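> In my numbering, the protein residues as written are 2 to 280.
There may be inaccurate statements among the hints.
[As the list claims (entries may be wrong)] With a straight-line cut-off of 30 Å between C-alpha atoms, the simulated DSS-like cross-links for lysine-lysine are:
#1 Lys-148 <-> Lys-15
#2 Lys-114 <-> Lys-228
#3 Lys-116 <-> Lys-64
#4 Lys-116 <-> Lys-77
#5 Lys-114 <-> Lys-91
#6 Lys-90 <-> Lys-114
#7 Lys-3 <-> Lys-240
[As the list claims (entries may be wrong)] Across the chosen pairs, the derived CB separations fall in these ranges:
#8 Asp-254 <-> Lys-64: 35 to 41 Å
#9 Lys-148 <-> Tyr-53: 35 to 41 Å
#10 Ile-21 <-> Asp-254: 31 to 37 Å
Rather than coming from a laboratory, the hints here were simulated on the basis of the structure.
Note that this is a predicted model, so its numbers are computed, not measured.
Think of the CB as a built atom: it goes at the ideal place given N, C-alpha and C, for glycine as much as any other residue.
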Amino acid sequence: MKYQVNPYLIYELKKEQTTIIQTKESSFATKNSFLINFLNFLEENSIDLISYTDMKSIFNDEKSLQESIDFLVNNKIFSFYKERHLSNKKEILIFSNNTDFVDLATMFWENLKIKSLNELEEQCYDNRIIIICLNPFNLSELKKLAKKCKEHPSNIYKFIFPYNHSIYISNYYSEEWGNPCPLCFFYSIEAQLRGSQTGVDNLNFQVMVDLFYRESGNFEYDGLLDKEDWISVINELNKEFKLPETMSNKIDDVLKIDLSSYSLSYDTCYHWEMCDCYE
C-alpha cells in the first residue's frame, strides 16, 4: 500500500504552543510533536509518496501507525495512491495544428496515427494516450482542450507548445489519476516568468504577453519554428514511448527546450493552487 502526500502548510503558534496544519480541504490544530516532526520531515525532504512499509519503520507500533494513517487520510494530508501506467491504453494518437510537426512526426512514426487538431475536436476517443501539439499557441484553445480532457477521463494527455522562445512539454495527465492538469502546467510557467521580472523598464516575455491581453483580450503565440526545431521534441517523445511500464515516477515530469541552445531543462509539475483539478 502506498500513500500520496498532498500539499499542506504548517503554521507554528509559539504563544499558544500549538501548530496549525492547513490543506486545500481542511485545517486542524495539533500539539502532537511526533506528528509535527513527521510532517516537517516529509516537507523538508520533498516526499510526495510514502509506502506502508516506510511508515512502519517510523512509527513505534501497529496501533499508533494505523491511527496516524487514518488521521492523515481523514484530514486529507494522505490519499490512497493510484497506480499509473501508460502501456494499458489501446493506442497513441497525436494531434496538431502545425503542418511542420505533423509532417515530421508522420515521417518518424509510420505506425502511429497523426492527425489535424480539428479531428480531435470533431470526434470522441477513449482509453488512448493523446499527444497534442499547439503552434501557434492560444490560451483559450488550451482551456477548451483541458475541459475536453476532463470529459474523457479514460484518456491520458500530454501537451506540447512554444512559449517564451522555448518549447514546453507537459506531464502526462489523466482525470482518473487526479494529477496536475494542462492548466496547472501552463500557469506554473506563467508564475515563473512573472517572478523573473527584474525591473520596471525591463519587460520580460510574460509582462509583454499580459499587455497584449489587456489590449485585445486575447493573444496567440507563434513560435516561428522550423522543422528542425521539432527534432528535440520527437526525440523526447520517442524515448518516453520506449520506457517500460513501471515509469510512474516519470509521469509528472515536464520539459523545457530552449530554442536558442536546444538545452533541456527537466522539472516536475505540481498542482496550481487556483485549479479545480485537485478537488
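> Now, for every hint given, state plainly whether the structure supports it.
Structure-based check of all given hints:
1. For the suggested pair Lys-148 and Lys-15, the alpha carbons sit about 44 Å apart, so the restraint of at most 30 Å is broken.
2. Restraint check for Lys-114 and Lys-228: satisfied, since their Cα atoms lie roughly 19 Å apart, inside the 30 Å limit.
3. Distance restraint check for Lys-116 and Lys-64: the Cα-Cα separation of roughly 56 Å exceeds the 30 Å cut-off, and the hinted pair is therefore not satisfied.
4. For the suggested pair Lys-116 and Lys-77, the alpha carbons sit about 41 Å apart, so the restraint of at most 30 Å is broken.
5. In summary, the hint linking Lys-114 to Lys-91 is supported, as the alpha carbons are separated by about 12 Å, within the 30 Å threshold.
6. For the suggested pair Lys-90 and Lys-114, the alpha carbons sit about 14 Å apart, so the restraint of at most 30 Å is met.
7. About 27 Å separates the Cα atoms of Lys-3 and Lys-240, which keeps this hinted pair within 30 Å; it holds.
8. Checked against the given bound of 35 to 41 Å, the beta carbons of Asp-254 and Lys-64, roughly 38 Å apart, stay inside it.
9. For the pair Lys-148 and Tyr-53, the supplied restraint of 35 to 41 Å holds, since their beta-carbon distance comes to about 36 Å.
10. A hinted range of 31 to 37 Å for the beta carbons of Ile-21 and Asp-254 is consistent with their spacing of about 33 Å.
Violated hints for the displayed structure, listed by number in ascending order: 1, 3 and 4.
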